[in-house]
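Colleague: Sequence:
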Amino acid sequence: MADMNTLQKRINHQFDDTGLLELSLVHASRATPNRGSSSNERLEFLGDRVLGVIIAEMLYSCFPEEEEGALSRRFTALVRRETLHKVALNLDLGHFLSMSQSESYSGGRANPAILADACEALIGALFMDGGYIVARDFIETNWVPLLEDNAAPPKDAKTALQEWSQGNDLGLPVYSVLENTGPSHAPVFRIAVTVNGLTEQAAEGTSKRRAEQAAAAKMLEHIAVTDPRKFITGKV
12 MADMNTLQKR
22 INHQFDDTGL
32 LELSLVHASR
42 ATPNRGSSSN
52 ERLEFLGDRV
62 LGVIIAEMLY
72 SCFPEEEEGA
82 LSRRFTALVR
92 RETLHKVALN
102 LDLGHFLSMS
112 QSESYSGGRA
122 NPAILADACE
132 ALIGALFMDG
142 GYIVARDFIE
152 TNWVPLLEDN
162 AAPPKDAKTA
172 LQEWSQGNDL
182 GLPVYSVLEN
192 TGPSHAPVFR
202 IAVTVNGLTE
212 QAAEGTSKRR
222 AEQAAAAKML
232 EHIAVTDPRK
242 FITGKV
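The working numbering runs 11 ahead of the 1-based position in the sequence shown.
Warning: the hint list may mix true and false statements.
16 Å max Cα-Cα, derived EDC-like pairs, lysine to aspartate or glutamate [unchecked claim]:
hint: 1; residue 1: Lys-219; residue 2: Glu-190
hint: 2; residue 1: Lys-169; residue 2: Glu-215
hint: 3; residue 1: Lys-219; residue 2: Asp-167
hint: 4; residue 1: Lys-97; residue 2: Glu-159
hint: 5; residue 1: Lys-20; residue 2: Glu-33
hint: 6; residue 1: Lys-20; residue 2: Asp-148
hint: 7; residue 1: Lys-20; residue 2: Asp-103
hint: 8; residue 1: Lys-166; residue 2: Glu-77
hint: 9; residue 1: Lys-166; residue 2: Asp-103
hint: 10; residue 1: Lys-229; residue 2: Glu-211
hint: 11; residue 1: Lys-97; residue 2: Glu-151
hint: 12; residue 1: Lys-229; residue 2: Glu-215
hint: 13; residue 1: Lys-169; residue 2: Asp-140
hint: 14; residue 1: Lys-166; residue 2: Glu-93
hint: 15; residue 1: Lys-169; residue 2: Glu-232
hint: 16; residue 1: Lys-229; residue 2: Asp-167
hint: 17; residue 1: Lys-97; residue 2: Glu-33
hint: 18; residue 1: Lys-166; residue 2: Glu-211
hint: 19; residue 1: Lys-166; residue 2: Glu-78
Worth flagging that the hints you see were computed from the coordinates, not collected in a lab.
Could you build the full structure based on these sequences and the hints that come with them?
Modeller: Encoded structure:
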């Protein structure tokens with residue numbers, strides 16, 4: 012594993028228990044449970060919850076005039092995988108990951124999902140080692156610039172598609188599950204979205220919500236490509 016001192020300087024925290032930091036960067040491909048070696052999945056679970064609470068607190072304080080709906084859209088944008096991936100890239104977390112050779116050779120160190128999970132696990136490790144204030148300092152340092160980049164609350168793809176569809180008198184988009192595969196602990200949903208007069212679009216996700224968002228995003232892309240004029244006149 013790469014030098015942890017470099018990463019500790021980068022995140023501005025010196026761990027009392029460096030084992031927590033190292034564990035936060037162990038991908039499942041490197042873990043050997045039967046030999047007592049774990050992965051970062053438990054810390055990822057914790058970090059996800061810590062991130063949610065701190066981002067919610069930040070938004071509540073930063074936008075005292077905004078309604079719950081606007082705060083929710085900001086929250087979704089800041090805790091989603093794409094944002095975690097961006098933070099992980101800024102920290103060069105891929106360089107510090109511990110994973111199997113096969114995973115590394117197949118591009119694991121640049122895999123957005125792996126990097127996002129490691130970022131959540133790092134937050135969990137910071138919380139366990141230094142408590143709420145340390146975790147909050149890390150999140151504020153890395154998330155406030157992202158928050159400031161978007162003055163207006165963002166619209167998620169489903170909301171944007173719904174507003175466009177209704178704004179063009181096409182009614183509500185309709186979502187349907189095409190397929191549900193994978194084991195119970197790692198399901199994959201394939202969901203289609205239809206809008207009157209447009210070609211059905213489908214996408215996959217690890218939950219129904221993520222698959223619906225991905226399908227809505229594909230539909231918006233389809234509209235923009237096939238009829239840019241119509242897209243511009245909508246209310247997205």
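Colleague: Among the hints numbered above, which are violated by the structure, and what are their numbers in rising order?
Modeller: 9, 13, 17 and 18
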